[in-house]
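Novice: Residue-level listing of the chains:
There are 2 protein chains.
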Amino acid sequence: MSAAARSGVLASVGAFSAPKRVLMGPGPSDVHPRVLAAMAQNTIGHLDPEFVRLMDEIKLLLRATFRTENDLTFAISAPGSIGMETSVINLVEPGDTIIICVNGVFGGRMVSMAERAGAKVVKVATPWGRAVDLEGVEAALKANPGTRVVAFVQAETSTGALSDAKALSALAHQYGALSLCDAVTSLAGVPLEVDAWGIDAVYSATQKCLSAPPGLSPVSYSSRAVERVKARKTPVVSWFQDLALVMSYWGSGGNSTARRTYHHTAPVNALFGLHESLLILHEEGLEASWARHARVHKQLADGLEALGFRYVVPEGERLPQLNSVWIPEGIDDAAGRGRLLNEFGVEIGGGLGDFAGKVWRIGLMGQSCSEQHVERVLNALAAISGRSRVATATLETV
Amino acid sequence: MSAAARSGVLASVGAFSAPKRVLMGPGPSDVHPRVLAAMAQNTIGHLDPEFVRLMDEIKLLLRATFRTENDLTFAISAPGSIGMETSVINLVEPGDTIIICVNGVFGGRMVSMAERAGAKVVKVATPWGRAVDLEGVEAALKANPGTRVVAFVQAETSTGALSDAKALSALAHQYGALSLCDAVTSLAGVPLEVDAWGIDAVYSATQKCLSAPPGLSPVSYSSRAVERVKARKTPVVSWFQDLALVMSYWGSGGNSTARRTYHHTAPVNALFGLHESLLILHEEGLEASWARHARVHKQLADGLEALGFRYVVPEGERLPQLNSVWIPEGIDDAAGRGRLLNEFGVEIGGGLGDFAGKVWRIGLMGQSCSEQHVERVLNALAAISGRSRVATATLETV
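Top line first, the protein sequences correspond to chains A and B.
Numbering-wise, the working numbering puts 140 at position 131 of the first sequence, and it's gapless, one number per residue.
Numbering-wise, the working numbering puts 128 at position 119 of the second sequence, and it's gapless, one number per residue.
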């Protein structure tokens with residue numbers, strides 16, 4: 010073709026055809042066809058009155074999902090890591106003390122962000138695979154009067170541990186600090202009550218239990234958090250992440266729809282998708298979604314244990330939507346996951362950081378949280394680990 | 010329905026149906042149905058081998074688009090503003106001198122970013138609507154020995170002025186500085202030769218002449234820029250935007266495909282779309298795309314002048330893909346644009362900053378750059394400004 014001749018790069022690149030996968034890793038999770046169809050609608054302008062209406066509806070749906078009346082509730086136009094960084098760097102100024110609970114990769118990431126923003130970071134470390142140690146946090150608060158923020162990860166995606174967000178938020182307030190909650194993997198998968206628990210800042214991501222494609226970070230900030238941002242004496246280190254600028258764009262902070270200020274160009278089609286995924290969630294009902302994650306998790310846990318897998322996290326601290334198990338003796342990490350993907354189309358996650366090569370992470374998030382998904386992954390795991398599911402199950406149930 | 014009863018928010022929110030628009034503002038531009046279909050493919054994992062292959066192909070396609078062999082060429086997982094901020098804050102450390110050319114909103118935005126990162130900013134201001142003043146830049150370089158970076162906007166989206174990126178990059182090098190080029194609106198619309206012109210850092214966005222939805226920022230960095238990043242004595246202020254971390258994820262900086270390191274979750278479906286939009290561009294051919302933008306612009310300019318519109322930017326400094334005209338006497342900005350949108354489905358842009366209420370911006374970008382688009386917008390403008398195109402055209406051509 011003459012077109013191909015004009016541009017040599019086409020000789021080696023053709024249309025991309027996405028393989029069919031069953032997404033049971035730490036995210037992204039399977040996306041509902043309705044969400045994919047919503048995203049494929051023609052792009053409209055990011056200041057179009059119809060798009061502004063969509064943004065307003067997304068705020069409404071996100072408030073219902075976070076269980077909050079917070080005015081400043083919206084979706085940041087970037088992945089969850091930006092939601093994390095935006096939340097951290099807006100709430101601290103150089104020299105401010107922030108207590109960060111570290112029980113996995115993502116707490117550690119917050120530390121790096123806060124340090125870059127000039128904060129004094131006090132780390133409260135809990136062993137990987139365990140919920141955050143409340144006594145350690147209280148001791149840190151006592152030892153560091155004037156602490157401005159207590160930050161924690163409700164659902165540690167790197168380990169599968171669920172921490173007590175309600176108690177951590179209460180502790181922060183008891184000592185005059187704001188609470189900052191990572192809800193990337195928790196939102197819609199386990200109970201999260203932003204207002205009832207008094208959480209001041211919370212961020213999530215779309216590709217976990219909301220089952221939209223990755224790329225957006227839903228966030229919500231209390232009026233206390235907004236006051237903190239407005240009272241800053243120093244500018245936030247990042248222009249893109251300065252909430253004082255972003256809130257004018259999303260029509261918060263007293264701005265009416267008519268007075269929205271251009272900040273950046275929102276990812277229009279991604280927001281079409283998020284809107285639809287939130288509709289699907291609320292058609293089921295948020296509490297029904299929590300219950301489904303708990304129920305299907307039980308089914309998976311029984312099956313995994315029957316196959317001889319051992320959980321990393323003790324019972325009672327486990328996330329239903331992220332199941333970390335030790336890789337059995339004699340199975341190679343990469344080869345095992347490769348067989349799951351290539352022979353069964355099933356994606357699960359490897360370990361991160363200290364858990365690399367030792368742990369597999371099996372996700373049951375949003376649309377990927379169903380009995381069929383459990384059957385699929387158990388059968389695939391049985392096959393690659395040379396165990397028979399039927400025999401084992403029979404032994405257990407006799 | 011029981012579902013609706015379970016969740017009160019659904020009473021006021023239903024499925025979103027995007028209205029059909031003709032996008033002729035400053036971006037987003039019309040997106041080809043092939044790109045929308047590519048984005049609607051099922052989501053796959055961001056570490057899936059097939060996705061890694063897609064990322065490699067995107068790097069190849071972007072290199073051909075930027076006209077560079079730069080290893081570190083990829084798409085940042087966020088809008089163009091993050092591409093700008095990432096480029097600025099990685100190349101300066103606190104106390105470093107950066108010269109920033111300001112001839113519109115976007116140069117001014119870079120100033121704010123560089124100041125937040127602790128740089129010493131020297132502004133070279135040129136009146137809005139004009140190309141950057143080369144003599145002013147040389148004078149600033151002479152007055153500020155040791156300047157580390159010269160930053161400029163090749164295509165000022167707020168005014169429609171095209172600056173001489175080749176000459177500006179050469180000036181920077183002559184005085185030992187790196188060159189940093191904003192190519193948000195220029196890429197694929199006007200010639201840009203990253204290697205031949207020696208541009209050290211360049212960023213763009215997907216929703217302009219690439220005609221993909223907004224949300225990604227293609228970037229490319231020379232080996233000189235990468236060395237600068239590696240030699241930093243202080244950490245970049247933002248974790249998300251730290252190129253040293255991001256480059257391991259995109260497999261640059263000596264990393265083979267097999268050793269990619271998880272950094273964040275890439276917006277998988279958005280990258281499906283970008284890949285397809287780049288294929289469409291290279292099927293036409295990059296130079297053919299530049300020629301089309303020039304040709305269709307001429308047609309629009311003739312039509313606008315025949316209707317009595319006056320251009321903001323003098324001939325010879327005009328961007329073909331972004332046409333700024335003064336709003337005629339007697340036409341209200343918001344009401345006029347509202348009529349274009351509601352009666353003709355045509356979106357054009359209002360003025361930003363100093364130009365708010367005074368200027369209209371008419372885009373001819375990517376898929377929105379066609380003779381049919383020109384006809385559509387000229388007919389709509391004639392109707393709302395009470396002028397007859399035929400009569401005016403006749404007068405002009407007699």
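Calculated directly from the structure, the hints in this document are not laboratory data.
All of these numbers come straight from a predicted model, not from anything done at the bench.
There's no promise every hint is true.
[As the list claims (entries may be wrong)] Some, not all, of what chain B presents toward chain A, calculated at C-beta under 7 Å:
| no. | residue |
| --- | --- |
| 1 | T52 |
| 2 | G54 |
| 3 | P88 |
| 4 | P276 |
| 5 | L316 |
| 6 | E356 |
[Stated by the list, open to error] Capping the alpha-carbon separation at 27 Å, the derived lysine-lysine pairs in BS3-like fashion look like this:
| no. | chain 1 | residue 1 | chain 2 | residue 2 |
| --- | --- | --- | --- | --- |
| 7 | A | K242 | A | K129 |
| 8 | B | K307 | B | K132 |
| 9 | A | K129 | B | K132 |
| 10 | B | K367 | A | K129 |
| 11 | A | K175 | A | K132 |
| 12 | B | K129 | A | K129 |
[As the list claims (entries may be wrong)] Which bits of chain B does chain A cover? Going by a derived footprint, with three or more residues having C-beta under 8 Å, they are:
| no. | region |
| --- | --- |
| 13 | 219-225 |
| 14 | 335-342 |
Virtual Cβ for every residue (Gly too), placed ideally from N, Cα, C.
Novice: Please go over all the hints and tell whether each is borne out by the structure.
Specialist: Do the hints match the structure? See the list:
no.: 1; hint: T52; in the structure: holds (5 Å)
no.: 2; hint: G54; in the structure: holds (5 Å)
no.: 3; hint: P88; in the structure: holds (5 Å)
no.: 4; hint: P276; in the structure: holds (3 Å)
no.: 5; hint: L316; in the structure: violated (23 Å)
no.: 6; hint: E356; in the structure: holds (5 Å)
no.: 7; hint: K242/A to K129/A; in the structure: holds (17 Å)
no.: 8; hint: K307/B to K132/B; in the structure: violated (33 Å)
no.: 9; hint: K129/A to K132/B; in the structure: violated (33 Å)
no.: 10; hint: K367/B to K129/A; in the structure: violated (48 Å)
no.: 11; hint: K175/A to K132/A; in the structure: holds (20 Å)
no.: 12; hint: K129/B to K129/A; in the structure: holds (25 Å)
no.: 13; hint: 219-225; in the structure: holds (count 3)
no.: 14; hint: 335-342; in the structure: violated (count 0)
Checked against the numbered hints listed earlier, the structure breaks hints 5, 8, 9, 10, 14; every other hint is satisfied.
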